[in-house]
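Trainee: Residue numbers (my numbering), protein chains in the order written: chain A, 288 to 397; chain B, 10 to 122.
If you are wondering where the hints come from, they were derived from the structure by calculation, not from laboratory data.
A hint or two may mislead.
Unchecked claim - Listed next, the in silico SDA-like pairs over lysine to any residue satisfying Cα-Cα at most 25 Å (straight line):
| hint | chain 1 | residue 1 | chain 2 | residue 2 |
| --- | --- | --- | --- | --- |
| 1 | A | Lys389 | B | Lys110 |
| 2 | A | Lys357 | B | Gly108 |
| 3 | B | Lys110 | A | Thr310 |
| 4 | A | Lys323 | B | Asp16 |
| 5 | A | Lys323 | B | Pro79 |
| 6 | A | Lys389 | B | Lys66 |
| 7 | B | Lys66 | A | Thr312 |
| 8 | A | Lys323 | A | Val306 |
| 9 | B | Lys110 | A | Pro326 |
| 10 | A | Lys343 | A | Glu292 |
| 11 | A | Lys389 | A | Gln367 |
| 12 | A | Lys389 | B | Ser96 |
| 13 | B | Lys110 | A | Gln344 |
| 14 | A | Lys323 | B | Asn39 |
| 15 | A | Lys357 | B | Gln50 |
| 16 | A | Lys323 | B | Gly25 |
| 17 | A | Lys354 | B | Gly108 |
Next come the chains, spelled out residue by residue.
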Amino acid sequence: GEDVEQSLFLSVREGDSSVINCTYTDSSSTYLYWYKQEPGAGLQLLTYIFSNMDMKQDQRLTVLLNKKDKHLSLRIADTQTGDSAIYFCAENGESYQLTFGKGTKLSVIP
Amino acid sequence: DTGVSQDPRHKITKRGQNVTFRCDPISEHNRLYWYRQTLGQGPEFLTYFQNEAQLEKSRLLSDRFSAERPKGSFSTLEIQRTEQGDSAMYLCASSLGLGEKLFFGSGTQLSVL
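Between the sequences and the hints, there should be enough to build the whole structure, so can you do that?
Mentor: Okay, structure coming up:
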């Protein structure tokens, strides 16, 4: 079955880099995603990576994928207070229906 | 360009009542998904449509839950005889097709008293 694990909390100082980690189980996933959720809001697609890639960079965001270890990470450079939110890792597996982790709550200290 | 739209944003109901939520996907998207999110958890898949066809509904939580997408555009999710355990955020998402990125609406927060 599909399962996605994330650490629940991360606290960083403004201006530092944040690294959010995720492990997944379904090796058939073709895409892996990072979504951001602010309080009381829906999910905002931040970035995604195709499973045959190792890295993807998009402005302040860097996604690293280690397919052998089924490990995905999201690095946010120069973290700002507006980055405070819950970040969800998700995989699509064979069915293309996303399976989400429980989310990592990022707190940015001014 | 409008994103995925959900209505209402909040719904408070008494136990035993029926509720219906609406989702309007991004206009050219033919896949539409419903997810449920409870406090402290990630979204949990419920069902999805390819145009008007409901291709997966085995993950609907009980037979009190049903969804429709009659003309392949907007969709409704109905919960009959609501229970307190149904209190959650109900999220709708759409995608252009198989394997494409999912875009989510802001959700409908249901509170069952």
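Trainee: Run the structure past the numbered hints and jot down the numbers of the failing ones, going up.
Mentor: 5, 16
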